[in-house]
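Please work from the sequences and hints to get the whole structure.
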Amino acid sequence: MSTVAPSTSAPSTPHSAPSTQLWALDPAHTQVGFAVRHLMISTVRGRFGDVAGSLSVPDGDFSRATLNATIGVDSLDTREPQRDAHLRSADFFDAANYPTITFASTRIVADPQKQGSYVLVGDLTIHGVTREVRLNVVSEGQGRDPWGNQRAGFSATARVSRKDFGLTWNQLLETGGVAVGDEVTITIDAEVIAKVNEAAA
1 MSTVAPSTSA
11 PSTPHSAPST
21 QLWALDPAHT
31 QVGFAVRHLM
41 ISTVRGRFGD
51 VAGSLSVPDG
61 DFSRATLNAT
71 IGVDSLDTRE
81 PQRDAHLRSA
91 DFFDAANYPT
101 ITFASTRIVA
111 DPQKQGSYVL
121 VGDLTIHGVT
131 REVRLNVVSE
141 GQGRDPWGNQ
151 RAGFSATARV
161 SRKDFGLTWN
171 QLLETGGVAV
181 GDEVTITIDA
191 EVIAKVNEAA
201 A
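Numbering (the numbering used here), first residue to last: 1 to 201.
I should point out that these hints are in silico values taken from the structure, not numbers from a laboratory.
Treat each hint with caution, since some may be false.
[Claimed, not checked] Listed below are the simulated DMTMM-like cross-link pairs for lysine to aspartate or glutamate, each with C-alpha atoms no more than 20 Å apart in a straight line:
| id | residue 1 | residue 2 |
| --- | --- | --- |
| 1 | Lys163 | Asp91 |
| 2 | Lys163 | Asp123 |
| 3 | Lys114 | Asp61 |
| 4 | Lys163 | Asp94 |
| 5 | Lys195 | Asp145 |
[Said to hold, decoys possible] Derived Cβ-Cβ restraints for the label pairs, each shown as a range:
| id | residue 1 | residue 2 | range |
| --- | --- | --- | --- |
| 6 | Thr130 | Asp77 | 23 to 33 Å |
| 7 | Asp50 | Ser161 | 20 to 30 Å |
| 8 | Ser19 | Leu173 | 52 to 62 Å |
| 9 | Gln150 | Val129 | 29 to 39 Å |
| 10 | Arg83 | Trp147 | 31 to 41 Å |
| 11 | Leu173 | Lys195 | 44 to 54 Å |
| 12 | Pro27 | Leu172 | 34 to 44 Å |
| 13 | Val109 | Gln142 | 13 to 23 Å |
| 14 | Glu80 | Arg144 | 36 to 46 Å |
| 15 | Gln150 | Gln82 | 36 to 46 Å |
Since this is a predicted model, take the numbers as computed values, not measurements.
Ideal placement from N, C-alpha and C gives every residue a C-beta, glycine not left out.
In structure tokens, the structure reads:
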């Protein structure tokens with residue numbers, strides 16, 4: 001009578017499904033700023049106060065996260081009402097027809113030389129025009145607030161050409177040059193808060 005030797009291999013175990021945590025931008029602790037050259041001799045700075053967004057973070061790994069964010073154009077503030085009104089007009093952002101700026105990430109590239117540093121690549125839409133942009137992101141750390149919420153902080157910078165988004169208005173100067181520079185520097189300081197996992201709750 002033949003016998004079959006028992007298998008010595010370990011029983012297979014099912015792979016656990018990845019856990020995706022949702023995080024939300026905290027608008028009270030998030031600022032999106034911009035800076036552009038004025039008259040070729042100085043820099044004008046401004047900010048957007050209306051910022052909202054969410055991150056999907058697989059297995060708690062922010063290097064694999066995806067981000068979607070929306071900015072209200074009407075919330076721009078350069079501390080000069082007439083200039084703000086001009087920026088909202090059809091000469092620039094045309095807020096009446098394009099009330100929001102959006103960003104949707106497509107991939108993240110970690111910097112192997114600097115822990116916590118990343119290049120966040122995504123589609124930025126301004127004035128109805130979408131272009132791929134790259135933001136240099138630095139993780140500023142994580143921790144719990146006094147109410148037990150898990151938070152994380154990030155800073156980011158990018159440079160874009162406003163002409164790439166159809167913001168072409170300008171004035172020539174008598175001395176040569178133009179009134180408004182083309183390159184815009186974007187600076188972001190963001191704080192995100194982990195949302196309660198509804199499935200777990």
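Structure-based check of all given hints:
Between the alpha carbons of Lys163 and Asp91 the distance comes to roughly 12 Å, so the proposed pair stays at or under 20 Å and holds. Restraint check for Lys163 and Asp123: satisfied, since their Cα atoms lie roughly 16 Å apart, inside the 20 Å limit. With a C-alpha separation of about 16 Å, the suggested pair Lys114 and Asp61 falls inside the 20 Å cut-off, and the hint holds. Taken as a hint, the Lys163 and Asp94 pair is honoured in the structure, with Cα atoms around 14 Å apart against an allowance of 20 Å.
Restraint check for Lys195 and Asp145: the C-alpha separation of about 13 Å stays at or below 20 Å, so the hint holds. Separated by about 25 Å at the C-beta atoms, Thr130 and Asp77 satisfy the suggested range of 23 to 33 Å. Look at Asp50 against Ser161: about 24 Å separates their beta carbons, and that is inside 20 to 30 Å. Distance hint for Ser19 and Leu173: a CB-CB separation of about 57 Å, consistent with the stated range 52 to 62 Å.
Range check, Gln150 to Val129: Cβ separation about 36 Å, and the 29 to 39 Å hint holds. The hint said 31 to 41 Å for the Cβ distance between Arg83 and Trp147, and at roughly 39 Å that hint holds. Checked against the hint of 44 to 54 Å, the C-beta distance between Leu173 and Lys195 comes to roughly 50 Å, which is consistent with it. One distance hint, 34 to 44 Å for the beta-carbon pair Pro27 and Leu172, holds here, with the actual separation near 39 Å.
Distance hint check for Val109 and Gln142: the Cβ-Cβ separation is about 21 Å, which falls inside the suggested range of 13 to 23 Å. Separation of Glu80 from Arg144 is about 40 Å and conforms to the stated range, judged on CB atoms against 36 to 46 Å. In this structure the supplied range 36 to 46 Å holds for Gln150 paired with Gln82, their Cβ-Cβ distance being about 43 Å.
Of the numbered hints listed earlier, not one is contradicted by the structure.
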